[in-house]
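*Asks:* If you want the building blocks of each chain, they are given just below.
Number of protein chains: 2
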Amino acid sequence: MTGENQKIFYSLYEHERKKVEAKLSTIIKNRKPASLYGPGNYILEGGGKRLRPILVLLSAKAVKKNSSSSFYNAAIAVELLHNFTLVHDDIMDNADMRRGRTTLHKKFDISTAILAGDSLLSVAYEYLLKDCNGNAKDVLASFTKGLVEVCEGQSLDKEFELLQEVSLNEYIKMIEKKTAAMAEMCCKIGAQLGGGNEKEIKALTNFGKNIGIAFQIQDDLLDIVGDEKEFGKNVGGDLVEGKKTYLLLKALESARGEDLEKIKLIIEKKGICREEIIFYKNLYIKLGVVDEAKKEIKKYSAKALRLLNNLKHAEDREIFVWLADSLINRNK
Amino acid sequence: MTGENQKIFYSLYEHERKKVEAKLSTIIKNRKPASLYGPGNYILEGGGKRLRPILVLLSAKAVKKNSSSSFYNAAIAVELLHNFTLVHDDIMDNADMRRGRTTLHKKFDISTAILAGDSLLSVAYEYLLKDCNGNAKDVLASFTKGLVEVCEGQSLDKEFELLQEVSLNEYIKMIEKKTAAMAEMCCKIGAQLGGGNEKEIKALTNFGKNIGIAFQIQDDLLDIVGDEKEFGKNVGGDLVEGKKTYLLLKALESARGEDLEKIKLIIEKKGICREEIIFYKNLYIKLGVVDEAKKEIKKYSAKALRLLNNLKHAEDREIFVWLADSLINRNK
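Quick mapping for you: the protein sequence lines, in order, are chains A and B. Using the working numbering, the letters of the first sequence map in sequence onto residues 2 to 333. Using the working numbering, the letters of the second sequence map in sequence onto residues 2 to 333.
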């Protein structure tokens, strides 16, 4: 891809992101009661890449049957749903910080955060319905499937914390639900709202799923190779927490002898000290786990992009290629 | 109403309640992962009157355009939504007991309860969608409006706990959202699914709203005049917690001099001792607050029933009359 094209796609992305951001900044803020929507607005103000709304908008555009319609309400809906999961997950993970700011339940309290999360979800459905017409049932079913799976994925993730052994296969199944189901859903409802045919909807749905898996493995990888300043969270945080990431599970599979004992300690001791991060980073590199993760990310990303050959217009494919590239080469 | 008719309606209600109960007992239990749906099933096993599903079924039957269709999935959906609110409310209220059993977050933990609640809501949408066809958008919009309002109502209720002064008017507005919006929604989606015309949908919707308000004031009243064994919770519990119920706010409005000082103490001291319950019960009676509450319940109930004159068939009205009577004469 030429540098010129990259610039065009970046400015297209920025254009849409700003439109989503502008809408997001008002819709919750202006609702009453303030005791409910004020805290809800707090999490939205934290920013973020707004990737999920962009996936909705790009998918709708790629199938462009109803080119006169706009789907910003649906785009808003998926971001509200995403933020609902963040608020509740942060309570469950007892997290202090999110996007460089105090988490909602630490800023207010757990009750306020539970209810603020619930109401973000309720408004998500409200906004999604604004953009639904003839195919409301299909769109709502896709959105609801995403919600069901994200709850199941979070439950599996919490379950894994307590298990001594989790296979890579089980891990992929978990992230399919916890992370990929949302990207899958965004692309699917975009394609449905845009009036895509069955083949297009299927292609974009599976694109979303595969890019979602690549995204999560990249997230796991950034915990080891990320740039602290760019990444926005402490590098090595997953190691310190003993989180069962793709890299840890791959290391458990690959390591032998003394190396394996060292890797097992991460799980047995429920995490490592900050001082040991460098040691484990080097061990991961030595075991080839970092390269394996990179290969896996490329595999899922390539699979995602191949699916887009089912789109009619080659030019619609290009921005997804750029987006996929940006995601797997990101350092934050 | 004759005793014979009462028996017929009761057995009709019981027939539907058992069908709802049978469905409810399997749908969540058999889903995986068990770490998510097991706790969700725990709250459903607690039983209850299953009034909300009955309102859906009766409303659909009253307009019976699609008499061949059945709406048990939608009925299940409203009960799942209701139980989602119970699970999250119990965390916020730090409640130990619900329907004579340990609350979900005390039985498991707060994280499990948050996620179990979320997933009950997700499955609620899934089930509602099963019964939607041409008018999916309208039905989903009604359901979502109910969800939005129940969150707003809960937030107002929590807000009121911290306020020194709440007017009766503000209180009614709060229960319109927290309690009545759900009954309103149940009747509305029943009427919509059943294929009712605009007039019928409006009549049933407003019936639901008014019967919902009557139900909540009755609940407040039962805290003072309920039979402990029948009521299933401690009589006087609202007084002990200093909860701003219809009766307390009415007492604040009516009392003068020393009586008013006594009533104000309930709020200032954030509740009373169990030993003072009898004193306050007698004070409420003396102030005419118990009678006022009864009058108000009858007022809303009568208004609800008058709205049903808009239904075509008089016989459809009868079971609602019986249901309203049962609700306002219940002692649990």
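I should point out that these hints are in silico values taken from the structure, not numbers from a laboratory. Any given hint might turn out to be false.
The list cannot tell twin chains apart, which means a pair is met if one copy fits it or any two copies do.
[Unchecked claim] Taking lysine to aspartate or glutamate and the EDC-like style, the derived pairs with C-alpha atoms no more than 16 Å apart in a straight line are:
{"no.": "1", "residue 1": "K33", "residue 2": "E171"}
{"no.": "2", "residue 1": "K159", "residue 2": "D110"}
{"no.": "3", "residue 1": "K108", "residue 2": "E262"}
{"no.": "4", "residue 1": "K313", "residue 2": "E15"}
{"no.": "5", "residue 1": "K131", "residue 2": "D158"}
{"no.": "6", "residue 1": "K244", "residue 2": "E160"}
{"no.": "7", "residue 1": "K30", "residue 2": "D110"}
{"no.": "8", "residue 1": "K263", "residue 2": "E319"}
{"no.": "9", "residue 1": "K138", "residue 2": "E127"}
{"no.": "10", "residue 1": "K200", "residue 2": "E293"}
*Asks:* Look at each hint and say if it fits the structure.
*Replies:* How the hints compare with the structure:
no., hint, verdict
1, K33 / E171, "between (43 Å within a copy, 14 Å between copies)"
2, K159 / D110, "between (22 Å within a copy, 12 Å between copies)"
3, K108 / E262, "neither (40 Å within a copy, 37 Å between copies)"
4, K313 / E15, "neither (25 Å within a copy, 57 Å between copies)"
5, K131 / D158, "neither (33 Å within a copy, 29 Å between copies)"
6, K244 / E160, "within (12 Å within a copy, 38 Å between copies)"
7, K30 / D110, "neither (19 Å within a copy, 32 Å between copies)"
8, K263 / E319, "neither (44 Å within a copy, 74 Å between copies)"
9, K138 / E127, "both (14 Å within a copy, 10 Å between copies)"
10, K200 / E293, "neither (32 Å within a copy, 64 Å between copies)"
In summary, the structure is inconsistent with hints 3, 4, 5, 7, 8 and 10 from the numbered list given earlier, while agreeing with the others.
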